[in-house]
Amino acid sequence: NAGVTQTPKFRILKIGQSMTLQCTQDMNHNYMYWYRQDPGMGLKLIYYSVGAGITDKGEVPNGYNVSRSTTEDFPLRLELAAPSQTSVYFCASSRTGWEQYFGPGTRLTVT
Amino acid sequence: GENVEQHPSTLSVQEGDSAVIKCTYSDSASNYFPWYKQELGKRPQLIIDIRSNVGEKKDQRIAVTLNKTAKHFSLHITETQPEDSAVYFCAASTSNSKLTFGKGITLSVRP
Numbered sequence: 001n002a003g004v005t006q007t008p009k010f011r012i013l014k015i016g017q018s019m020t021l022q023c024t025q026d027m028n029h030n031y032m033y034w035y036r037q038d039p040g041m042g043l044k045l046i047y048y049s050v051g052a053g054i055t056d057k058g059e060v061p062n063g064y065n066v067s068r069s070t071t072e073d074f075p076l077r078l079e080l081a082a083p084s085q086t087s088v089y090f091c092a093s094s095r096t097g098w099e100q101y102f103g104p105g106t107r108l109t110v111t
Numbered sequence: 001g002e003n004v005e006q007h008p009s010t011l012s013v014q015e016g017d018s019a020v021i022k023c024t025y026s027d028s029a030s031n032y033f034p035w036y037k038q039e040l041g042k043r044p045q046l047i048i049d050i051r052s053n054v055g056e057k058k059d060q061r062i063a064v065t066l067n068k069t070a071k072h073f074s075l076h077i078t079e080t081q082p083e084d085s086a087v088y089f090c091a092a093s094t095s096n097s098k099l100t101f102g103k104g105i106t107l108s109v110r111p
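Sequence lines, in order, name chains B and G.
The working numbering applies: residue 1 is where the first sequence begins, and numbers increase by one.
The working numbering applies: residue 1 is where the second sequence begins, and numbers increase by one.
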């Protein structure tokens, strides 16, 4: 199993541009999550999903959107990118909702 | 909502010594407490977890203890090695769908 995969690994965006961060898992996990990690600030939950067709906001959802049309994929959409969205983004998945397994991350810079 | 705090932000120990990292949480309804290790530039990885019906759990050189009355839990690493150097995150959950993370502690093991 590849586990949780994320693309791209790195991206530089200009202010106002949009992009989609891709996340795929091949473990048939129902639960999927998007976090952002800023230096010294831990992991903040952006959005999560408990199954296909179901999504909910986390702690810091503003400026982001998600969809969950399949069990495997959970893309994160950034509209009108802002410098405050410069961060490392991690996707995670879980079978039970307890133990979470993380992808390798996407490092995003908005200038 | 839940608030998880980790102190101090950095810890330095001599190789072979023990390290103890403590976390406090605010919501008495929290019932799941995982610890994640993140090496520089890598993804967070689950190393051990504990549920509220257990006071202690051990896995080789690492152990976690939970004090529900005081609302704190600790990670214990014995016989530390240079490869234990990393950022360690604690987290807490009141349900099986969301985790609240602390800001992380940087552990340095001096050879």
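What the hints contain is simulated information worked out from the structure, not anything from laboratory work.
Take these hints with a grain of salt, some might be off.
Straight-line distance between alpha carbons at most 30 Å, and here's what the computed DSBU-like set of lysine-lysine pairs gives [as the list claims (entries may be wrong)]:
#	chain 1	residue 1	chain 2	residue 2
1	G	37	G	68
2	G	71	B	9
3	G	58	B	44
4	G	103	B	44
5	B	57	B	14
6	B	14	G	57
7	B	14	G	68
8	B	9	G	68
9	G	103	G	42
10	G	58	B	57
11	G	42	B	14
12	G	103	B	9
13	G	22	G	37
14	B	44	G	22
15	B	44	G	57
16	G	68	B	57
17	B	14	G	22
18	G	103	B	14
19	B	44	G	37
20	G	42	B	9
21	B	57	B	9
22	G	68	G	57
23	B	57	G	71
24	G	37	B	57
Pair ranges (Cβ atoms, derived) [to be verified]:
#	chain 1	residue 1	chain 2	residue 2	range
25	B	54	G	15	46 to 54 Å
26	G	106	B	44	41 to 49 Å
27	G	27	B	82	13 to 21 Å
Residues from chain G that keep clear of chain B, each with C-beta distances beyond 10 Å, as calculated [to be verified]:
#	residue
28	20
29	42
30	61
31	107
Ideal placement from N, C-alpha and C gives every residue a C-beta, glycine not left out.
Against the structure, the hints come out as follows:
Simply put, residue 37 of chain G and residue 68 of chain G have alpha-carbon atoms about 23 Å apart, close enough for the 30 Å limit, and the pair holds. Distance restraint check for residue 71 of chain G and residue 9 of chain B: the Cα-Cα separation of roughly 38 Å exceeds the 30 Å cut-off, and the hinted pair is therefore not satisfied. The suggested pairing of residue 58 of chain G with residue 44 of chain B holds, with an alpha-carbon distance near 28 Å, which does not exceed 30 Å. With a CA separation close to 9 Å, the supplied pair residue 103 of chain G and residue 44 of chain B stays within the 30 Å bound.
In summary, the hint linking residue 57 of chain B to residue 14 of chain B is supported, as the alpha carbons are separated by about 25 Å, within the 30 Å threshold. Note on residue 14 of chain B and residue 57 of chain G: the hinted pairing is violated, with a Cα-Cα distance of about 48 Å set against a maximum of 30 Å. Only pairs whose Cα atoms come within 30 Å are accepted, and residue 14 of chain B paired with residue 68 of chain G is rejected, the gap being roughly 47 Å. For a cut-off of 30 Å, the pair hint linking residue 9 of chain B to residue 68 of chain G is broken: about 40 Å separates their Cα positions.
Our distance criterion of 30 Å between C-alpha atoms is met by residue 103 of chain G and residue 42 of chain G, whose separation comes to about 16 Å. Restraint check for residue 58 of chain G and residue 57 of chain B: not satisfied, since their Cα atoms lie roughly 34 Å apart, outside the 30 Å limit. Restraint check: the Cα-Cα separation between residue 42 of chain G and residue 14 of chain B comes to about 26 Å, which is no more than 30 Å; the hinted pair holds. Only pairs whose Cα atoms come within 30 Å are accepted, and residue 103 of chain G paired with residue 9 of chain B is accepted, the gap being roughly 23 Å.
Taking the CA atoms of residue 22 of chain G and residue 37 of chain G, the gap is about 14 Å. The hint holds against a cut of 30 Å. With a CA separation close to 20 Å, the supplied pair residue 44 of chain B and residue 22 of chain G stays within the 30 Å bound. The straight-line distance between the Cα atoms of residue 44 of chain B and residue 57 of chain G is roughly 27 Å, inside the 30 Å bound, and the hint therefore holds. About 28 Å separates the Cα atoms of residue 68 of chain G and residue 57 of chain B, which keeps this hinted pair within 30 Å; it holds.
Annotation: proposed proximity of residue 14 of chain B to residue 22 of chain G is violated, straight-line Cα distance about 40 Å (limit 30 Å). Restraint check for residue 103 of chain G and residue 14 of chain B: the C-alpha separation of about 29 Å stays at or below 30 Å, so the hint holds. For the hint linking residue 44 of chain B to residue 37 of chain G, the alpha-carbon distance of about 16 Å falls within 30 Å, and the restraint holds. Between residue 42 of chain G and residue 9 of chain B the alpha-carbon distance is near 12 Å, which keeps this suggested pair within the 30 Å criterion.
Taken as a hint, the residue 57 of chain B and residue 9 of chain B pair is honoured in the structure, with Cα atoms around 24 Å apart against an allowance of 30 Å. A distance of roughly 14 Å separates the Cα atoms of residue 68 of chain G and residue 57 of chain G; the hinted pair therefore holds under the 30 Å criterion. This hinted pair checks out: residue 57 of chain B and residue 71 of chain G have alpha carbons roughly 26 Å apart, not beyond 30 Å. Of the supplied pair hints, the one linking residue 37 of chain G and residue 57 of chain B holds, its CA atoms being roughly 25 Å apart against a limit of 30 Å.
Checked against the given bound of 46 to 54 Å, the beta carbons of residue 54 of chain B and residue 15 of chain G, roughly 47 Å apart, stay inside it. The given range of 41 to 49 Å is broken by residue 106 of chain G and residue 44 of chain B, whose C-beta atoms sit roughly 18 Å from each other. Against the hinted window of 13 to 21 Å, the Cβ-Cβ separation of residue 27 of chain G and residue 82 of chain B comes to about 31 Å, which falls outside the hint. For residue 20 of chain G, the non-interface assignment is confirmed: its Cβ lies about 19 Å from the closest Cβ of chain B, beyond the 10 Å cut-off.
At the 10 Å boundary, the C-beta of residue 42 of chain G falls inside the reach of chain B, the nearest C-beta of that chain being 8 Å off. No Cβ of chain B comes within 10 Å of the Cβ of residue 61 of chain G; the nearest lies about 20 Å off, and the non-interface call holds. With a closest Cβ-Cβ approach of about 15 Å to chain B, residue 107 of chain G is found to remain outside the 10 Å limit, as its non-interface label requires.
Hint check: violations occur at hints 2, 6, 7, 8, 10, 17, 26, 27, 29; the rest are consistent with the structure.
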